[in-house]
Amino acid sequence: MIAYGGRWGGLPHLPPPPPAAGRQGCAWPVATPSGRLLELEEASVQLDRALKPAGPRANAHRFRLSLQRREAIACALFIAPAVLGFLVFSLFPLLTSAALSLTDYHLAGWPRYVGLANYATLFGDDLWWQAVRVTGIYALCVVPLWLINSLALALLMNQNLRGMNVFRTIYYLPAMLSGVAVSMLWIWLLSYRYGLINTSLRLVGVQGPNWVGDKRWALFSIILMSQWSVGWYLPTWLGALQNIPTELYEAASIDGGGWWARIRYITLPMLSAVIFYNLIMNIIWATQLFTEVFMVTGGGPQFSTLSYMLYLYNNAFGYSKMGVASAMSWLLFLAVLLLTIAVFRSSPAWVYYEAERRRA
Amino acid sequence: MSTPTRATLPRQPFWSRRMRRTLLKVLTYLALVTGSLLFLFPLYWQVSTSLKTAQDTVRFPPVWFPVPLQWGNYPELLHRFPFALYMRNSVFISALVILGTLLSSSLAAYGFARLRMPGRDIIFMVLLSTLMLPGAVLLIPQFVMFQSLHWVNTYNPLIVPAFFGNPFSIFLMRQFFMGVPHDLEDAARIDGAGYLRTYGQIVLPLARPALLAVAIYTFLSTWNDFLGPLIYLSDEQKYTVAVALRYLQGSVRTRPENHLLMAAATLSIIPCVLVFFFAQRQFIQGTVISGVKG
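Read top to bottom, the protein sequences are chains A and B. Taken in order, the first sequence gives residues 4 to 363; the numbers are from this note's numbering. Taken in order, the second sequence gives residues 4 to 297; the numbers are from this note's numbering.
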């Protein structure tokens, strides 16, 4: 790779290596006293010329790039598909949607510029405010529940007891299943007359509520459902828990710290980077609530479960108001961005990076 | 307990400590077992409902275990709805998406992990930041874009983007590549292998655990994807399992046939469960790799 010019790609069908005589001496960096690859390369180029003074003209066209540049070109080619994908499937749509949000566009015809009218419409739209409220309540309930429940589960499982793999599997399994199948199952479980939950309650003499048909219970039911997939976070937590050095706990128990002190002063600080990551991801996920409400309640009853994404979907694909939907998506984007920045800003106060501390 | 007592009664603290530990163990198991039952019972209920007669599903008190098991529900479902076709569609899409993701993401991950280029790390950070982009933001413009390409009601919008990298997979595999020692690659390069060959013949075989984790993750997210197929596929023949389930739910709602609905739901999750058990260890390890490290 050092001396054979132009072989930055190492494609298997490229011409065979030139005569070995000129190569051997310089193909081994170890053998040279200087050890610098660049010099090796130049030496080999000169050797090449010396060996084949009247070589074919193709020789003159061969790449003679420095190793660094060749590596950079290889790198660019390796990452090119991903960068192209980013430009075409993320950046371009992001910018287009900003432009679309300023237009009146119904998929047919050409977008018509309307300025900030879409945003004005949204701010005066009661349903939009309802969607914001529903998503806000959902996020406020679900994010702490996800974090606390999954962390508590992980702490329970992190004791060196037999059979933990079985439990891990059981709790992780529901998180693997599709939102649609899970929603169907919960429609059935929460059914007012025949659902498992209400028939079980009836067995003990309690009349359960109309879970998804009552506007006071519908959002609660969706939140309840979401907790079934709490196992999603287990691997991350368990991985992080196992990375905490046991010396810290030994030190704490010598100092007479109880279980709460151990969690409060060792586990939580050592996990704070993972908590930070999970917090951000959870917030983003909570704002994306769609499949469950689309399947189970359709946003009802009386818009009590109209999530932001559902309203966006209805606007775009129900009423084909693409401009309004784009404005909605930009407002969501800004909200998520602000929340993320806020969490990032707060992180120095509570996130403990061991690596940084050690370096300092 | 003060020290003098411990000195006079050496056995006592030993016992109390052991008892406390046993108690803690028992409580842990109790909590975990109760939780497992709560977590598993919905699934049990789904499968058992799918094996009941229509009358048994609405009986009170509930039929906890159907006798005899109505295996016939499954052939009936397959007879009345082309569910096998939907499964095939989902398998087809998932296979291509996995292929595309593995190819493009591993290439990019190798570039980001090993090959030096000015500005490389900035590009990586930008790419990674799309992980924090809510999918909703891209939904509308992507739809408009694919519509102008006449890709709506084809599989292209679901498959083609996979061949252009996926930030999460790139991140996961990059983490893995960074942990692989350089020696083998250096040896390959000295022996005259180019970058592409080093990547294909040396690095990829080593990265099998990471590739498998990405493949499983991609399979699950593609198989379970709902919004994509929902907005792009309008032809019933082209439905994926997830969209077909929703269509089933809609069409049966007028006449409650919950045993058939649950049979369909059960069929749809079988591939996920199989994949999960087949490669559970890999997957859990893979996800741990992706766990944040800086």
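Where hints are given, some of them may not hold.
Partial selection, computed: residues in chain A whose CB lies under 10 Å from chain B [stated by the list, open to error]:
1. Tyr175
2. Ser186
3. Phe223
4. Ile269
5. Met273
6. Leu315
For each label pair, taking beta carbons as the anchor points, the in silico distance ranges come out as [to be verified]:
7. A:Gln305 to B:Ala34: 34 to 44 Å
8. A:Arg115 to B:Leu134: 28 to 38 Å
9. A:Leu90 to B:Ala34: 22 to 32 Å
10. A:Gly139 to B:Val129: 46 to 56 Å
11. B:Gln204 to A:Thr124: 31 to 41 Å
12. A:Asp129 to B:Leu134: 26 to 36 Å
13. B:Arg83 to A:Gly127: 27 to 37 Å
14. B:Leu30 to A:Tyr268: 30 to 40 Å
Per the computed footprint, the stretches of chain A lying under chain B, defined by three or more beta-carbons under 8 Å from a beta-carbon of chain B, are [stated by the list, open to error]:
15. 84–93
16. 127–134
17. 137–144
Derived by calculation from the structure, the hints in this document are not laboratory data. Computed from a predicted model, the values in this text were never measured in an experiment. Note that the Cβ used here is the ideal one computed from N, Cα and C, for glycine as well.
Is the interface hint for leucine 315 of chain A satisfied, with its Cβ closer than 10 Å to some Cβ of chain B?
holds (6 Å)
Could you say whether the range 28 to 38 Å given as a hint is met by the Cβ separation of arginine 115 of chain A and leucine 134 of chain B?
holds (34 Å)
Apply the coverage criterion to the stretch 137–144 of chain A and chain B: a residue qualifies when its Cβ sits closer than 8 Å to a Cβ of the chain, and three qualifying residues are needed.
With 0 residues close enough to chain B, the hint is violated.
The hint says 34 to 44 Å between glutamine 305 of chain A and alanine 34 of chain B; measuring C-beta to C-beta, is that right?
Because 38 Å falls inside the window, the suggested range holds.
Less than 10 Å between beta-carbons is the criterion; does tyrosine 175 of chain A satisfy it with respect to chain B?
holds (8 Å)
Does the Cβ distance between aspartate 129 of chain A and leucine 134 of chain B fall inside 26 to 36 Å?
holds (34 Å)
Does the Cβ pair leucine 30 of chain B, tyrosine 268 of chain A satisfy 30 to 40 Å?
violated (23 Å)
Can isoleucine 269 of chain A be said to touch chain B, with a Cβ gap under 10 Å?
violated (18 Å)
Cut-off 8 Å, C-beta pairs, minimum 3 residues; does the coverage of the stretch 84–93 of chain A by chain B stand?
holds (count 9)
Taking a Cβ-Cβ distance under 8 Å as contact, does the stretch 127–134 of chain A have three or more residues in contact with chain B?
violated (count 0)
Falls inside 27 to 37 Å, the C-beta gap from arginine 83 of chain B to glycine 127 of chain A?
violated (48 Å)
Is 46 to 56 Å a correct range for the gap between the Cβ atoms of glycine 139 of chain A and valine 129 of chain B?
violated (30 Å)
Hint compliance for this structure: hints 3, 4, 5, 9, 10, 11, 13, 14, 16 and 17 are not met, and every other hint is.
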